[in-house]
Amino acid sequence: MKIAIIDYGAGNLPSVERAFFHLGVETERVTTPEQIPSAKAIVLPGVGHFAAFVTGLRERNLTAALHAAIDSRVPVLGICLGLQAMFASSEEAPAELGLDLIHQQVKALPKNVKSPHIGWNQVRRLRPGILLERIAEDAYFYFAHSYAAAACEPHTAAVCDHGFPFTAVIEHDNLMAVQFHPEKSGEAGTAILRNFVEWAQ
Amino acid sequence: MTLAHRIIPCLDVDASRVVKGIEFQDLRDMGDPEALASRYNREGADELILLDITASRDGRATFLETVCGVAQRLNIPFTAGGGIRSLEDGRAVLRAGADKVTVNTAAIERPELISKLAAQFGSQAVVLSMDAKRKGARWEIFIRGGSQATGRDAVAWAQEGVARGAGEILLTSIDRDGTCSGFDCELTATIAAGVSVPLIASGGAKKFEDFLDVFGKGGADAALAASIFHSKEQSISALKNYLARQGVPVRLSR
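Listed in order, the protein sequences are those of chains A and B.
For the first sequence, this note's numbering assigns the number 4 to the initial residue and increments by one for each residue that follows.
For the second sequence, this note's numbering assigns the number 13 to the initial residue and increments by one for each residue that follows.
Here chain B stands alone, though its shape is the one from the complex:
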């Protein structure tokens, strides 16, 4: 009996479409969220994450429709977020069918948002998302899609988030995101060692070996990737079979 390491595809959603782009530029259409969700559910994804990357507030209602549509297609858990600024925003995505809500920028600005969400929905429903960039021997937290420095140390912020009730941490390496050079295992190992909750690593995934590394020396409980799955460059079932052969506990669909 072992807790399996999770493989989590991430769907960045803009105006009811899954898109790929770096820092909101050069958005490329990657398909229909419900169709992709169905495919990943079938291919053995352990979970999904759905992020609203629409800049405007008008996009909120459209995103909730997408959350609702995706929920109908899944019999695995999924997290939704992006632009969650209040308890009501969190409630809306959970009501629409998400199992967990993720917060990022607003949590830095008003850390009590984490406590409020955890008190209302339970820690298991609150994922603290953080974007970290190397600064000397440490890592600094950035907000607003990685565009704004906060001066906050990543380890200290992760620990504060957990103390406030976050049940999981979704950690993105800004240095590795979009580079296809592998996860930042040093960063994930440092944060994983500093907190008592599961850690989802994100940023830089390309090869099967990258996942093996992040579960091994990176100490991650779960690993997230987007474009390599959307583009069918890597298949989730092949990845999980590879990991199983390497002795990593994973849930194999049959």
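The following block holds chain A by itself, in its conformation from the complex:
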């Protein structure tokens, strides 16, 4: 199976590609809508600004094709900003519309904690799931973000706490996403990507 990685013009694609390569999984960079209908699994990677992400998708005419693939239940994994882009909007760029798969706004981390939330943190599982399967309960993952989404039913499968309990893992139908960077999270992160690949196959 080949993983389609959405290239919206920013984001750290090479490290995500390398992580899949080490798992023996082929990847393909998607820059045009024509590439999406044949995708068996899609990864939405992301670092940077919410506005850059959604405008990057729009300028490449990827938004509608992505919605169509999600509607037809293609497995999708969002990473960091890729998780946030699944929401309706973000305080980072309130005028921009996200993919709106989850009708809620991503919030800035509160002022009483250090922001960005940078470093290794643990997650609390709200229910058994796929991505965290066979990964130790106390495993650490690498986070680097200034915005986060409050936990929401039925999407949030695990939360992390930094100022408030925020969505660390999403699992709902064909939608999966993580707020941390699995490609930068050592062995635990590799296991997340492997779990996604096995489930998507």
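Since the hints were made in silico from the structure, they are not lab data.
Hints may contain errors.
Here are the simulated distance ranges between beta carbons [said to hold, decoys possible]: (1) A:L26 with B:N253: 25 to 31 Å; (2) A:A153 with B:D44: 44 to 50 Å; (3) B:C80 with A:A139: 49 to 55 Å; (4) A:T34 with B:L99: 48 to 54 Å; (5) B:S247 with A:A67: 49 to 55 Å; (6) B:R150 with A:A98: 39 to 45 Å; (7) B:Q171 with A:H70: 40 to 46 Å; (8) B:G43 with A:L26: 25 to 31 Å; (9) B:D41 with A:P131: 37 to 43 Å.
Derived list of chain B stretches under chain A, where covered just means 3 residues or more per stretch with a C-beta under 8 Å from a C-beta of chain A [what the hints assert, rightly or not]: (10) 60-66; (11) 183-192.
For every residue, glycine included, the Cβ atom is placed at its ideal position computed from N, Cα and C.
Once you have looked at the hints, place chain B on chain A.
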């Protein structure tokens, strides 16, 4: 659920080799960057920092090759920098595979460089590196590898850097660097209390207790060391096990 304190080995790179030296003198070869990066990745380092200490501009392309090579070996984040003077310099190290870029001298000279990098790549990708030296009851910022005084107060500069978009501060105590007498916890506590972003402490690490102190009374989020790890005088996994026993939240590899 607690954010772990990070242990970060620093690789000073000159002409594709990791070196150790004080103020560019007596450079001693400490090994191959990719081999060291692999070793630290395996031993449980939480992150790496790669600094280009080559004085000449010709060394830039060679450094980018090193960044690229190191990126292939890691599944943890890493920061690259040293001599970053423009948005393009920053873009080049990030394109080569670094997750964050660090700026120092050029940021003092043109603080808008911080804002530009943060606007382009996000605050989480911008580390403001500052070298501070005690001056009476305060600390003064020095540039050009600690050789030139700026008259800038360390707290004020840290706050300006954060306001301009720096997502982390890498703070080196010039007084302690290379002395093996422990981190300057007073300096780190003062800066940590003055800013809202994570702080990486650097300069003076020798013993396990030094790390315990800098995370405790120093208020640091992460601690950096170089030669004690390169020389295998201290192992990262033993250090992290020690910290865990002392009740410090750390990520233990298994």
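Against the structure, the hints come out as follows:
1. A:L26 with B:N253: 25 to 31 Å: holds (29 Å)
2. A:A153 with B:D44: 44 to 50 Å: At 46 Å between Cβs, range holds.
3. B:C80 with A:A139: 49 to 55 Å: Hint violated: Cβ distance 32 Å, outside 49 to 55 Å.
4. A:T34 with B:L99: 48 to 54 Å: Violated, at about 23 Å.
5. B:S247 with A:A67: 49 to 55 Å: holds (53 Å)
6. B:R150 with A:A98: 39 to 45 Å: With Cβ atoms ~43 Å apart, the hint holds.
7. B:Q171 with A:H70: 40 to 46 Å: Holds - the Cβ-Cβ distance for Q171 (chain B) and H70 (chain A), about 43 Å, lies within 40 to 46 Å.
8. B:G43 with A:L26: 25 to 31 Å: For L26 (chain A) against G43 (chain B), whose Cβ atoms are near 29 Å apart, the range 25 to 31 Å holds.
9. B:D41 with A:P131: 37 to 43 Å: For D41 (chain B) and P131 (chain A) the Cβ distance comes to about 51 Å; the hint is violated.
10. 60-66: violated (count 0)
11. 183-192: violated (count 0)
Hint check: violations occur at hints 3, 4, 9, 10, 11; the rest are consistent with the structure.
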